[in-house]
Structure formats: C-alpha cells, structure tokens
Amino acid sequence: MSDDRPYPEEPAGPFPEPPATFTDREGRTIEIRVLDEEPPERRETAITSMVDMYDRFDPADRAQGIPPIGRERVESWLSTLVEGEGLNVLAWDGDTVAGHATLVSDDEGAYELAIFVHQDYQRAGIGGRLIRHLLGAGAARGVERVWLTVERWNDAAVGLYGSVGFERTGDDRFEVEMTIWLT
Amino acid sequence: MKVLLGVGGSPDSLTALSQVVERASAVGDELTVAVLDNPETDVNIDDITDRVREELDRVGAEADIRTVSGDPGSRLVELAEAEGFDAIALGGGEQTPMGKISVGSIAEFVVLNARTSVFLIR
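Chains as they are written, first to last, in my numbering: chain A, 1 to 183; chain B, 1 to 122.
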C-alpha cells in the first residue's frame, strides 16, 4: 500500500481547530474535543465512552468491517487507534460520545481518515463539523496528506468528504479512494 | 471439489494459500494453484512458486501448479470455466492502517465475472 496516490493540486482549508461548542439540529449542545487534550484523569473515561458508542453502533452502518462487532473487539481496535501515532477527535453530548473522527498514520508520511457518528446523532450537522475540526487539528500538527476509502454506494459519506475538499483519485473498486492536501 | 486457487504474492494471497492447502489436504479437494502475475506486488513469480511448493510440502498435499501470465483476474475466470472447476479461491482483501477491509482488483474482477463459486479467504 505505497502512497503513490494522486493528491489535489490545491490545498484545502483552512479548517477550525478544536475545542468547539455548537447546537446541533436537534437542539443538543455538542462539544468537539481532541482526545489527547483531555485531562489525564479523564482519558480512561473518555476511551470507555468511545467503546460505549461503538458497542451500541448499528452494524448496518459499518464501513469495510469497522467498527468490529463485540465490546472486546471494539476495545482492541480502538486501542490501536488511540495508542498509535494519530489523532482522535470526539463529539460529546455531555458525557456521551456522539461521534469520533480519526487520523491514523500509514507509516508513509500520510494519514488515513475515518469518521463515525452514532445513529442517534446522524443527520444533525455533527459529521460535517467533526471532520472539519479533525482536519483543522491535523493541519495544526503538521499533517499534510490525508486519504480515505469509502464504499462507493455510500453517497452521504462521499458527499460529506467532497464538501470539505476530498477529491476522488480514480482508483475505484468496491470502495472509492479520496485524498486531500492540507497546509 | 475441484478448486482453483489464485496466488499473486500479496499478503492476503499467501494467507489464502495456507488455508486452502490445509483444507484441500483435510477434505481431499482436487487443488490447482495458479501463480499469477499481480501488478500490485513486487514479488517474483519464481519466489511465489517456491512458496507454493513449501506450503504443499508442509501439509503433505499435492496440487497442480500453473504459471498464469496475462491479466490475472480474467485468466483465472477463463481457466476455471474452460477446465470445469467448481470454485475459485483467492485472497479476500488487505486491511488499511485503520483496519478497513480493502478488496484487491483481482478479487473484484473475479467476483463480478466468475460463473463458479468464489471463495474470498480471510
């Protein structure tokens, strides 16, 4: 999986940096925060809240096998995301995780992006804000090249990614590959 | 069952090799291994062939080994139909750093074109 992907010629952004607070379309107050900026004593609780979200996640909204099914598998999968060289941004409704967006290093200088919004919080304007703040937090930390894959029938996701500046690379299979360049 | 296994040298194809050889040995499948020229890997055909022989020796199984040149997906489908195979087996995809399953181009072509059953090995 060498990074010979094409990237857009123009950089995207600027994107806002977390933390941020807004009211979603259902009137809920949602706060966006970077996991690594939680106070140390809050970190374990925050990770448990992430596991709770994925444990209650509708399998119909899984993407290419993630999140895995079952609490233990979710914990194992998340541990690789939160312990590795990457970035995790969470959307909070009080103490409940409504959404999670992440950048994972591909060890070739680029980052793979994924975003999940729990079914109770979809179509409320959270995903768009969450991904923008993830890209803002990434850019502030020196991330320049970000790529993702998405099932090609997932029009909502392809539309969301396109709206923030991701472009399709043309390497389409069952999944569409998209890239963005940040500065 | 008469099984045609495609191996092009990608990590998932080598996983498929181990599993399919073990199963063939356990249940008595008649196995043919097609060594493919996968443009997405840098692995040399001779090295793949050696690896196939090693796996067969490891479990004490026998198989016909063929080197298949040309477009891997279409050649596999053609071979399966021309020679009356019951199934094509091949690697079922890699995982991205995130853990997303990413199905290879050969597997996608075979799934969409084969008239035999297709086993994607995970």
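It should be emphasised that the hints constitute simulated quantities derived from the structure, not laboratory data.
Some clues are possibly wrong.
Stated by the list, open to error - Over the 10 Å line for every Cβ pair with chain B, so calculated as not near, a few chain A residues: (1) 6; (2) 11; (3) 22; (4) 37; (5) 42; (6) 63; (7) 64; (8) 65; (9) 68; (10) 71; (11) 114; (12) 129; (13) 145; (14) 149; (15) 173; (16) 175.
Claimed, not checked - Have a look at the derived ranges for each label pair, beta carbon to beta carbon: (17) A:85 x B:67: 33 to 43 Å; (18) A:58 x B:78: 46 to 56 Å; (19) B:44 x A:172: 54 to 64 Å.
Think of the CB as a built atom: it goes at the ideal place given N, C-alpha and C, for glycine as much as any other residue.
We went through each hint and held it up to the structure:
The non-interface label for residue 6 of chain A is consistent with chain B: the shortest C-beta to C-beta separation is roughly 16 Å, beyond 10 Å. Annotated as non-interface, residue 11 of chain A keeps its C-beta farther than 10 Å from every C-beta of chain B; the closest such distance is 23 Å. With 10 Å as the threshold on Cβ separation, the claim that residue 22 of chain A sits away from chain B holds: the shortest Cβ distance comes to roughly 26 Å. With a least beta-carbon separation of about 22 Å from chain B, residue 37 of chain A lies farther than 10 Å from that chain, consistent with its non-interface assignment.
For residue 42 of chain A, the condition that its CB be more than 10 Å from all CB atoms of chain B holds, with the nearest at approximately 25 Å. Under the 10 Å C-beta cut-off, the non-interface status given to residue 63 of chain A relative to chain B is violated; the minimum distance is some 6 Å. The Cβ of residue 64 of chain A does not lie farther than 10 Å from every Cβ of chain B; its closest approach is about 4 Å, which violates its non-interface assignment. Its beta-carbon lying about 4 Å from the closest one in chain B, residue 65 of chain A breaks the requirement of being farther than 10 Å from that chain.
The non-interface label for residue 68 of chain A is inconsistent with chain B: the shortest C-beta to C-beta separation is roughly 8 Å, within 10 Å. The non-interface label for residue 71 of chain A is consistent with chain B: the shortest C-beta to C-beta separation is roughly 16 Å, beyond 10 Å. Taking the minimum C-beta to C-beta distance to chain B, about 5 Å, the non-interface status of residue 114 of chain A is violated against the 10 Å cut. Residue 129 of chain A, annotated as away from the interface, keeps every beta carbon of chain B farther than 10 Å; the closest lies near 21 Å.
The beta carbon of residue 145 of chain A sits about 13 Å from the closest Cβ of chain B, which is more than 10 Å, so the claim that it is off the interface holds. A beta-carbon of chain B is positioned within 10 Å of the beta-carbon of residue 149 of chain A; the least distance is around 6 Å. The non-interface label for residue 173 of chain A is inconsistent with chain B: the shortest C-beta to C-beta separation is roughly 5 Å, within 10 Å. For residue 175 of chain A, the non-interface assignment is contradicted: its Cβ lies about 6 Å from the closest Cβ of chain B, within the 10 Å cut-off.
Hint check: residue 85 of chain A to residue 67 of chain B, Cβ distance near 41 Å, so the stated range 33 to 43 Å holds. A beta carbon spacing of about 41 Å between residue 58 of chain A and residue 78 of chain B contradicts the range 46 to 56 Å that was offered as a hint. At roughly 29 Å, the beta-carbon separation of residue 44 of chain B and residue 172 of chain A lies outside the given 54 to 64 Å, and the hint is violated.
Hint compliance for this structure: hints 6, 7, 8, 9, 11, 14, 15, 16, 18, 19 are broken, all remaining hints hold.
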